[in-house]
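J.: The chain contents come next:
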Amino acid sequence: MKKPISKIPFNGTPEQEAKLKAAIERSNGNKSELIYIMQQAQDIYGYLPYEVQVMIAEGMDVPLEKVYGVATFYSQFALSPKGKNAISVCLGTACYVKGSKAVMDKFSSELGIEPGQCTADGEFSLESCRCVGACGLAPVCVVNDDVYGKVTPEKVVEIIAKYKSK
Amino acid sequence: MTNVQQPVSLEDTPFYKKQLRLALRNCGIINPEKIDEYIAMDGYMALGKVLTEMTPQTVVDTILASGLRGRGGGGFPTGRKWQFALNNVSDKKYVCCNADEGDPGAFMDRSVLEGDPHAVIEAMAIAGYAIGADEGYIYVRAEYPTAIKRLEIAIGQAREYGLLGKNIFGTDFNFDITLRFGAGAFVCGEETSLLTSIEGNRGEPRPRPPFPAVKGLFGKPTIINNVETYANVCQIILKGAEWFSSIGTEKSKGTKVFALGGKIKNTGLVEVPMGTTLREIIEEIGGGIPNGKKFKAAQTGGPSGGCIPAEFIDTPIDYDNLIAIGSMMGSGGLIVMDEDNCMVDIAKFFLDFTVDESCGKCTPCRIGTRRLYEILEKITSGNGTLEDLDRMENLCNYIKANSLCGLGQTAPNPVLSTYKRFRDEYIAHVVDKKCPAAVCKSLLCYEITADKCKGCTACSRVCPVGAISGTVKNPHSIDKTKCIKCGACMERCKFGAIVKK
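Those protein sequences? They're chains L and A, same order as listed.
Residue numbering for the first sequence follows my numbering, starting at 1 and increasing by one per position.
Residue numbering for the second sequence follows my numbering, starting at 1 and increasing by one per position.
Don't read these hints as lab results, they were simulated from the structure.
Just so it is clear, the structure is predicted and the values come from calculations on it, not from any experiment.
Treat the hints loosely; a few may be bogus.
[Stated by the list, open to error] DEER-style ranges, computed between Cβ atoms: (1) A:360 <-> L:31: 21 to 29 Å; (2) A:401 <-> L:130: 27 to 35 Å; (3) L:146 <-> A:402: 47 to 55 Å.
[Stated by the list, open to error] Using 27 Å as the maximum straight-line C-alpha spacing, the simulated BS3-like pairs for lysine-lysine come out as follows: (4) A:49 <-> A:239; (5) A:482 <-> L:150; (6) L:106 <-> A:482; (7) A:441 <-> L:150; (8) L:31 <-> A:166; (9) L:3 <-> A:361; (10) A:361 <-> L:31.
C-beta: ideal position from N, C-alpha, C; glycine also.
Whenever a hint applies, use it, and build me the whole structure from the sequences.
T.: The structure is reproduced here in structure tokens:
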């Protein structure tokens, strides 16, 4: 599976960088700890953006392509952050015929991101899912753990507004 | 107060009565975070005995004589693995523990790691002494945080007591263990992939030979055993090879832990002697199939295994019998299926999993499994032909014969075994365009039984596509050209008037 790559500008803090450097330091130049270092990096940053991969490659003295190769191989590693509010639009059959594609497009244009991405402020991430088993309520979208049924493109704006302040 | 029941001891309940807990003996009994409780259950006695009374060769001989075979799926004799590694002269050797339990629905290794971590640590030290290694790695999946925490505590306590580290039991034997965390790749359960992953790479397999016992971790002789295999070692050392080989069948000794799940009343981990029949596990321990449904098949071995049909329910379960009937032991997942499960759909489900998890290194697996999935998709959507079935079978055999590692070589098993045992279901999908179990959506249709329908309109209101028409108090009907088969109407109908065929 191809992993979506984040277009959000990297905004790591010096504290995060210090933590990552300390983790790399602890590995004592042992290159076989690469995966473990990347796991710690993901704990620190929430995902593995290009800049973090560069820091790991330089710190561990391994080629950047290897870090990227490992990051894309294992399903645990994310190249794109999840938003504070994770939106998931059902594209299962029942929702699809009831117009969930239009709902998805509306979310996409309102938030300015493609499915699989996260907004620049880290507030929202958007993804599609298969059936959530609520076909009677089609089209359905799920925000965090809240399920919204009979969503129309007009309602999308309301839904986003509800979470914006949180 | 006439119906007072006498309390029954746990061991006498149907669920436990037929079980024999060896690998799981301490799970739930001792506090896994206290080494003293493990020691109180004869813990580290086996390591002491090995270091002070036995030579490496006698340890290997004991394991060989016990007949212990790898519990991770392959069933390779553990003692032979150890012998190979012992025979290889090298300045450095490694002992690895495969705790990357990726099989969906199996959790026996997790249970041992969480409930009895010292049993694995002690056995690894014994293996280290036997083959001449001073370093061990446990590769455990990051999805098991409790197991990781308990292993960390256990390793720390063992070091503190001098049971790991330098000069263990006052001898010149040194051994220590490092933890490595998996990152969510199913293929890393394959031994060579696991080694490349420990080395910090993409977890891709490499060709064998050379086998890990010759050239393994960091190019050095290495043994890799599964958690459950290690969980048997200490008791074999303490109680003797004869004791262990007295349990089980001729070629499969000891017990096996199964994760019993699916359409069954009692689910959970079940440890039984090898040779126990499927009927005993399903009907006596598992309590049978709920809702009065009929047993159809049991799936063992996860995505690498196959389905055992009802006609083989009395087969004694061991490594060789399972292979003979077209399935395999695998790590021990045992999923029970009833008449409501479509076997073609099950095969497709597992293929979906292998397509996702194929590492992509070799072509037969990377492309072959995808093509195979597409054929199954074609069959379940009602577009399959008889030629497709032949193509499917050929492709299965091709993938099996040509894939690089165990993942690809076993990926077609769910298809082959269901095709062999439930051919009529495949034929029904292809020729009659029907799904006998009414699972495959494209092949079924929803209908309203006119004399049961009260005309309450509930179904037409819930239908997302407006496929149901009819007036109040008159029987409704479903327009099959509009219906998307979501099942919302059937769920809503209070009169059972809607059926799927």
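J.: For the pair supplied as a hint, residue 49 of chain A and residue 239 of chain A, confirm whether the alpha-carbon distance does not exceed 27 Å.
T.: Judged against 27 Å, a Cα distance of about 11 Å means the pair holds.
J.: With a cut-off of 27 Å on the C-alpha distance, tell me whether residue 106 of chain L and residue 482 of chain A pass.
T.: Holds - the C-alpha atoms of residue 482 of chain A and residue 106 of chain L are around 26 Å apart, at most 27 Å.
J.: For the pair supplied as a hint, residue 31 of chain L and residue 166 of chain A, confirm whether the alpha-carbon distance does not exceed 27 Å.
T.: holds, 25 Å
J.: Hint check: residue 482 of chain A vs residue 150 of chain L, CA-CA at most 27 Å. Holds or violated?
T.: holds, 19 Å
J.: Using the beta carbons of residue 401 of chain A and residue 130 of chain L, state whether their distance is inside 27 to 35 Å or not.
T.: Holds, at about 34 Å.
J.: With the threshold set at 27 Å, check whether the alpha-carbon distance from residue 3 of chain L to residue 361 of chain A stays at or below it.
T.: holds, 18 Å
J.: Between the alpha carbons of residue 361 of chain A and residue 31 of chain L, is the straight-line distance 27 Å or under?
T.: holds, 23 Å
J.: Falls inside 21 to 29 Å, the C-beta gap from residue 360 of chain A to residue 31 of chain L?
T.: With a Cβ separation near 23 Å, residue 360 of chain A and residue 31 of chain L satisfy 21 to 29 Å, so the hint holds.
J.: Would you check the hint for residue 441 of chain A and residue 150 of chain L, treating anything up to 27 Å between C-alpha atoms as holding?
T.: holds, 23 Å
J.: Does the hinted range 47 to 55 Å hold for residue 146 of chain L and residue 402 of chain A at CB?
T.: Holds, at about 49 Å.
Every hint, counting from the list given before, is met by this structure.
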